[in-house]
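**Student:** Chain by chain, the residues run as shown.
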Amino acid sequence: MSDYTKYTNKEMQAVAIAQQIKDGQIVIVGTGLPLIGASLAKRVFAPGCHPIVESGLMDCSPIEVPRSVGDDRFMAHCAVQWPNIRFIGFEANEWLNDNLNEEGTEPRLIAFIGGAQIDPYGNVNSTSIGDYHHPITRFTGSGGANAIATFANTVIMMQHEKRRFIDKIDYVTSPGWMDGAGGRERAGLPGNRGPQMVVTDLGIMKFDEQTKRMYCAYMFPGVTPEKVQENTGFEIDCSRAESYPAPDPEIIRMIREEIDPGQAFIKVPKD
Amino acid sequence: MSKVMSLHDAVAKYVHDGDSISFGGFTTNRKPYAAVHEILRQGQKDFIVYAGPAGGDWDMLIGEGRVKAYINCYTANSGYTNVSRRFRAAIEKNEVLFEDYSQDAIMFMLHASSLGLPFLPVRFMIGSGMVDEWGISKEVRQTIDKLPNDKYVYLDNPFTGEKTVALPVPKLDTAIIHVQMASPDGTCRILGDEFHDVDIAIAAKNVIVTCEELVTNEYIRRDPTQNKIFGECVNAVVHCPKGAHPSQVYGYYDYDPAYFKEYDAASKYQDGPDAVAQLKKAAAKAQKALDKKPGDEKLAAALEKANQAAADAESGAKVPETFKDFCEKYVYSVKSHEEYLDKLGATRLLKLLDTSGFGYAAQLDAIER
Numbered sequence: 000m001s002d003y004t005k006y007t008n009k010e011m012q013a014v015a016i017a018q019q020i021k022d023g024q025i026v027i028v029g030t031g032l033p034l035i036g037a038s039l040a041k042r043v044f045a046p047g048c049h050p051i052v053e054s055g056l057m058d059c060s061p062i063e064v065p066r067s068v069g070d071d072r073f074m075a076h077c078a079v080q081w082p083n084i085r086f087i088g089f090e091a092n093e094w095l096n097d098n099l100n101e102e103g104t105e106p107r108l109i110a111f112i113g114g115a116q117i118d119p120y121g122n123v124n125s126t127s128i129g130d131y132h133h134p135i136t137r138f139t140g141s142g143g144a145n146a147i148a149t150f151a152n153t154v155i156m157m158q159h160e161k162r163r164f165i166d167k168i169d170y171v172t173s174p175g176w177m178d179g180a181g182g183r184e185r186a187g188l189p190g191n192r193g194p195q196m197v198v199t200d201l202g203i204m205k206f207d208e209q210t211k212r213m214y215c216a217y218m219f220p221g222v223t224p225e226k227v228q229e230n231t232g233f234e235i236d237c238s239r240a241e242s243y244p245a246p247d248p249e250i251i252r253m254i255r256e257e258i259d260p261g262q263a264f265i266k267v268p269k270d
Numbered sequence: 000m001s002k003v004m005s006l007h008d009a010v011a012k013y014v015h016d017g018d019s020i021s022f023g024g025f026t027t028n029r030k031p032y033a034a035v036h037e038i039l040r041q042g043q044k045d046f047i048v049y050a051g052p053a054g055g056d057w058d059m060l061i062g063e064g065r066v067k068a069y070i071n072c073y074t075a076n077s078g079y080t081n082v083s084r085r086f087r088a089a090i091e092k093n094e095v096l097f098e099d100y101s102q103d104a105i106m107f108m109l110h111a112s113s114l115g116l117p118f119l120p121v122r123f124m125i126g127s128g129m130v131d132e133w134g135i136s137k138e139v140r141q142t143i144d145k146l147p148n149d150k151y152v153y154l155d156n157p158f159t160g161e162k163t164v165a166l167p168v169p170k171l172d173t174a175i176i177h178v179q180m181a182s183p184d185g186t187c188r189i190l191g192d193e194f195h196d197v198d199i200a201i202a203a204k205n206v207i208v209t210c211e212e213l214v215t216n217e218y219i220r221r222d223p224t225q226n227k228i229f230g231e232c233v234n235a236v237v238h239c240p241k242g243a244h245p246s247q248v249y250g251y252y253d254y255d256p257a258y259f260k261e262y263d264a265a266s267k268y269q270d271g272p273d274a275v276a277q278l279k280k281a282a283a284k285a286q287k288a289l290d291k292k293p294g295d296e297k298l299a300a301a302l303e304k305a306n307q308a309a310a311d312a313e314s315g316a317k318v319p320e321t322f323k324d325f326c327e328k329y330v331y332s333v334k335s336h337e338e339y340l341d342k343l344g345a346t347r348l349l350k351l352l353d354t355s356g357f358g359y360a361a362q363l364d365a366i367e368r
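Which chain is which? The protein sequence lines are W and C, in order. Going by numbering that gives the first Met the number 0, the first sequence opens with residue 0, and the numbers climb by one from there. Going by numbering that gives the first Met the number 0, the second sequence opens with residue 0, and the numbers climb by one from there.
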């Protein structure tokens with residue numbers, strides 16, 4: 000479809016992801032939406048960002064859309080091809096050295112992770128639904144997400160559905176703020192890192208400074224507080240929610256024509 | 000001394016029932032598929048697997064019932080199958096012993112094994128299900144010699160008192176890796192990311208290397224900066240061009256989308272009876288959906304289609320390709336890797352060749368169309 004003023008929820012989500020990335024940041028991406036978002040950020044919003052992937056490929060600049068984090072499309076045109084262990088050591092040392100951005104306001108490393116379930120404190124499940132030993136649905140498991148959630152600030156991406164946003168998740172693959180303020184320190188996790196926001200197809204959820212509980216910070220065009228609550232399996236505060244601007248048609252054109260022309264991750268709507 | 004052997008002889012000599020084993024590569028990249036096929040043909044089983052970032056390699060071995068314990072962190076042909084289907088079914092049906100670590104933990108454990116460390120303290124997995132839940136209980140672990148009795152133990156850092164998770168370091172019997180170039184004495188050249196391949200090659204007692212190009216010991220020494228594995232770590236060198244197909248080999252060829260798509264569809268069903276059962280279940284689900292919204296034309300059409308598919312499968316008129324069929328077609332019906340390549344055909348393989356200067360086949364999907 001060539002009408003770039005009409006966009007899908009997924010395209011909006013990719014744009015919102017891209018707009019969270021700041022110039023100079025080191026960005027841990029996976030495949031799928033975060034990669035589309037990072038590619039867009041690199042072209043438009045934050046050309047000086049450094050995408051890295053958990054297989055150990057640093058400062059990636061893929062020309063074509065990779066399908067896996069170990070894809071040769073990531074491996075070509077990157078700065079360094081490290082084995083995975085170096086990547087893990089790097090992310091741990093980013094925390095140990097408390098490496099901050101140039102302004103000194105926040106860590107320079109930010110990571111995107113996904114999952115199947117999330118609770119009000121940003122703990123994420125990507126392992127299994129139901130009993131762990133005899134699950135109803137089994138997923139891939141952690142991959143690199145657990146250590147990322149341990150050492151880095153994260154942006155979590157998820158489809159906003161009642162069955163996914165629930166009070167108690169079946170398995171904690173990637174720890175968030177645990178049981179609230181001070182929860183990470185009590186568990187023995189780095190307290191000065193953790194989930195910063197959840198980018199969904201409805202808007203952007205953040206975590207309260209004091210309580211670390213999720214609230215709705217932004218709603219995408221056309222989304223109401225009722226719709227956010229309807230699709231959230233726990234009570235969510237929408238009183239602070241602002242509306243998020245619609246994407247520029249030029250940005251939508253870029254996603255469709257330049258970044259993911261093969262529609263590997265974002266389907267273009269039919270007329 | 001030349002370590003060059005046939006694929007058959009290398010697998011027969013160095014892969015045994017019950018081995019603790021690890022493969023190199025990363026999901027759909029540089030996976031030693033030719034060796035996987037040979038193991039399937041020869042019948043070795045009961046593996047204790049340190050899987051790392053796995054894909055169809057271990058999914059096939061799980062589907063064929065060759066895995067005793069699956070120590071895992073991620074199993075998917077990413078971008079084609081988001082969760083490998085025989086892996087998923089085996090866990091959902093409780094048919095395989097499995098243990099979850101984070102990828103970081105497994106990669107560090109294999110690295111620690113290469114360093115000869117006694118155990119490994121880490122900071123991750125704290126606060127997660129990976130410490131709360133044990134996939135394989137202490138009791139069961141005690142019955143398996145090659146598994147440590149504990150998944151992990153908490154250990155305070157003796158220098159600072161900080162809480163850490165101490166992980167066991169695996170002892171590998173066997174490692175199999177696929178590399179771009181090797182020489183008869185076992186020296187290996189890996190182009191692009193080495194992943195955990197060097198670690199498992201140092202750590203394992205027996206190492207099989209399959210290679211795209213077999214060159215002389217003299218030639219490979221002309222540029223030692225590119226060499227990654229000392230030949231004395233290696234037991235067998237197998238000249239095996241396209242030996243990672245359907246996965247990628249940086250600078251040589253790309254993954255095979257048609258193969259991964261076919262595997263994605265076929266691996267939904269273990270075998271014929273499983274296909275019939277699943278299609279019947281899908282038809283019942285479609286009926287339920289229509290019952291909820293009677294008169295919905297789309298749902299009615301979907302039900303008709305689902306009923307037809309279930310009836311066709313049951314009568315044998317049209318049974319979808321299953322995992323068993325797939326294995327028969329690509330593994331058991333051929334005697335060797337060479338026969339496998341003949342079956343794929345030259346045209347199909349040529350389309351996958353990397354574009355010069357790219358490290359992958361540019362516009363691969365466009366070629367497919």
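For the record, the hints were derived by calculation from the structure and aren't laboratory data. Keep in mind that this is a model prediction, so the values were computed, not measured. Don't be surprised by glycine CBs; every beta carbon is placed ideally from N, CA and C. Fair warning: there could be bad hints in the mix.
[As the list claims (entries may be wrong)] Using 20 Å as the maximum straight-line C-alpha spacing, the simulated SDA-like pairs for lysine to any residue come out as follows: (1) C:Lys280 to W:Asp200; (2) W:Lys266 to C:Lys328; (3) C:Lys92 to W:Lys9; (4) C:Lys162 to W:Asn96; (5) C:Lys260 to W:Gly190; (6) C:Lys267 to W:His133; (7) W:Lys205 to W:Arg252; (8) C:Lys162 to W:Asp236; (9) C:Lys162 to W:Leu95; (10) C:Lys92 to W:Gly190; (11) W:Lys167 to C:Asp290; (12) W:Lys9 to C:Asn81; (13) C:Lys92 to W:Ile135; (14) W:Lys266 to C:Gly78; (15) C:Lys280 to W:Ile135.
[What the hints assert, rightly or not] Partial pick of chain W residues on the chain C-facing surface, computed with a CB cut under 7 Å: (16) Asn8; (17) Ala45; (18) His49; (19) Gly55; (20) Met57; (21) Ser67; (22) Arg72; (23) Pro82; (24) Arg107; (25) Met177; (26) Gly179; (27) Gly181.
**Student:** Now look at each hint and say whether the structure bears it out.
**Tutor:** Results for each hint:
1. Among the hinted pairs, lysine 280 of chain C with aspartate 200 of chain W is inconsistent with the structure: their alpha-carbon atoms are about 31 Å apart, more than 20 Å.
2. Under the criterion of a C-alpha separation no larger than 20 Å, the hint pairing lysine 266 of chain W with lysine 328 of chain C is inconsistent with the structure, at around 33 Å.
3. For the suggested pair lysine 92 of chain C and lysine 9 of chain W, the alpha carbons sit about 33 Å apart, so the restraint of at most 20 Å is broken.
4. The straight-line distance between the Cα atoms of lysine 162 of chain C and asparagine 96 of chain W is roughly 19 Å, inside the 20 Å bound, and the hint therefore holds.
5. Taken as a hint, the lysine 260 of chain C and glycine 190 of chain W pair is broken in the structure, with Cα atoms around 43 Å apart against an allowance of 20 Å.
6. For the given pair, lysine 267 of chain C sits about 19 Å from histidine 133 of chain W by alpha-carbon distance, which is consistent with the 20 Å threshold.
7. For the proposed pair lysine 205 of chain W and arginine 252 of chain W, the alpha carbon gap of about 29 Å is over 20 Å, so the pair is violated.
8. This hinted pair does not check out: lysine 162 of chain C and aspartate 236 of chain W have alpha carbons roughly 35 Å apart, beyond 20 Å.
9. With a C-alpha separation of about 15 Å, the suggested pair lysine 162 of chain C and leucine 95 of chain W falls inside the 20 Å cut-off, and the hint holds.
10. Distance hint between lysine 92 of chain C and glycine 190 of chain W is unfulfilled; the C-alpha atoms sit about 38 Å from each other, more than 20 Å.
11. Taken as a hint, the lysine 167 of chain W and aspartate 290 of chain C pair is broken in the structure, with Cα atoms around 32 Å apart against an allowance of 20 Å.
12. Distance hint between lysine 9 of chain W and asparagine 81 of chain C is fulfilled; the C-alpha atoms sit about 18 Å from each other, no more than 20 Å.
13. Among the hinted pairs, lysine 92 of chain C with isoleucine 135 of chain W is consistent with the structure: their alpha-carbon atoms are about 9 Å apart, no more than 20 Å.
14. Restraint check: the Cα-Cα separation between lysine 266 of chain W and glycine 78 of chain C comes to about 14 Å, which is no more than 20 Å; the hinted pair holds.
15. A distance of roughly 15 Å separates the Cα atoms of lysine 280 of chain C and isoleucine 135 of chain W; the hinted pair therefore holds under the 20 Å criterion.
16. For the restraint placing asparagine 8 of chain W at the interface with chain C, the shortest Cβ-Cβ distance is roughly 19 Å, beyond the 7 Å limit, so the hint is violated.
17. This hint is violated: alanine 45 of chain W has a C-beta 25 Å from the nearest C-beta of chain C, more than the 7 Å allowed.
18. The interface hint given for histidine 49 of chain W is violated, since its Cβ lies 17 Å from the closest Cβ of chain C, which is over the 7 Å cut-off.
19. Hint status for glycine 55 of chain W: holds, given a least beta-carbon distance of 6 Å to chain C, under 7 Å.
20. Given the 7 Å rule on beta carbons, the hint for methionine 57 of chain W is violated: about 11 Å separates it from the nearest Cβ of chain C.
21. The criterion of a C-beta within 7 Å of any C-beta in chain C is met by serine 67 of chain W, whose closest approach is roughly 3 Å, and the hint holds.
22. Because the smallest distance between the Cβ of arginine 72 of chain W and any Cβ of chain C comes to about 6 Å, under 7 Å, the interface hint for this residue holds.
23. Hint status for proline 82 of chain W relative to chain C: holds, with the closest Cβ pair at about 5 Å, below 7 Å.
24. Annotation: interface hint on arginine 107 of chain W violated; nearest CB of chain C at approximately 20 Å, more than 7 Å.
25. Interface hint status for methionine 177 of chain W: upheld, as the beta-carbon distance to the closest one in chain C is roughly 6 Å, under 7 Å.
26. Annotation: interface hint on glycine 179 of chain W violated; nearest CB of chain C at approximately 13 Å, more than 7 Å.
27. With a cut of 7 Å, the hint placing glycine 181 of chain W at the interface with chain C is violated, because the nearest CB-to-CB distance is about 13 Å.
In the structure shown, a violation is registered for the earlier hints numbered 1, 2, 3, 5, 7, 8, 10, 11, 16, 17, 18, 20, 24, 26, 27, in ascending order.
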